[in-house]
Amino acid sequence: GPKVLQIPSHQIIDMGQMVTLNCDPVSNHLYFYWYKQILGQQMEFLVNFYNGKVMEKSKLFKDQFSVERPDGSYFTLKIQPTALEDSAVYFCASSLVPNSDYTFGSGTRLLVI
Amino acid sequence: GEQVEQRPPHLSVREGDSAVITCTYTDPNSYYFFWYKQEPGASLQLLMKVFSSTEINEGQGFTVLLNKKDKRLSLNLTAAHPGDSAAYFCAVTRNSNNRIFFGDGTQLVVKP
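Quick mapping for you: the protein sequence lines, in order, are chains A and B. So the first sequence is numbered by the working numbering: it starts at 1 and just counts up by one. So the second sequence is numbered by the working numbering: it starts at 1001 and just counts up by one.
Extracted from the complex, chain A is given alone in its bound form (with noise of 0.2 Å):
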């Protein structure tokens, strides 16, 4: 079926630094989310993205957070600058329908040190 695909799988960065994680989702999708996942357990949920505009962030999504998808390319999540509690993996997922089932990418294993 059709695939959401994240870029690059693994990242590890200098606490401080910035990173730009990618995802390049499902073609016709419409919506556009991020998921933020610590030691396989719960999915935080930390923006959704629809029409070039962020439509909801959680408190998670910190003002060192930021998100876009210029002109129809990678739907990426920026973070600048990187701290330590920002290790986890990062789940892209996107949707053709805001509430529907969800197309979820294999998620960036972010390590900070």
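If you are wondering where the hints come from, they were derived from the structure by calculation, not from laboratory data. No false leads were mixed into what you were given.
With a Cα cut of at most 30 Å, we get these calculated BS3-like pairs of lysine-lysine:
1. K57(A) x K1037(B)
2. K78(A) x K53(A)
3. K3(A) x K1049(B)
4. K1049(B) x K53(A)
5. K57(A) x K1049(B)
6. K1037(B) x K3(A)
7. K1037(B) x K62(A)
8. K57(A) x K1071(B)
9. K59(A) x K1037(B)
10. K3(A) x K57(A)
11. K57(A) x K1068(B)
12. K59(A) x K1049(B)
13. K1037(B) x K78(A)
Please build the complex by placing chain B on the supplied structure of chain A, with the hints as guidance.
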């Protein structure tokens, strides 16, 4: 907003036994319900999407029950096998939401 509570957080069963995971939700306007399976190191795969009008939903080797009166959603794995070992997440949404709300997950281990 919606709150989704999932139980148990960990579940260990023998091969051939049944396994039941339950979620309760708070918003009576919740309309769509989902179960996702996540194998170790992998992404979330949709097991089943349930509409609020359907109380019993049969899948391959499992049943999803929806009790709207009690606001309870359950995943019943019948005759579990080691390949079912994974994390399972319920999720809930409604028409007016822009996102779905996840439960905290259940780590299921099926021992041979």
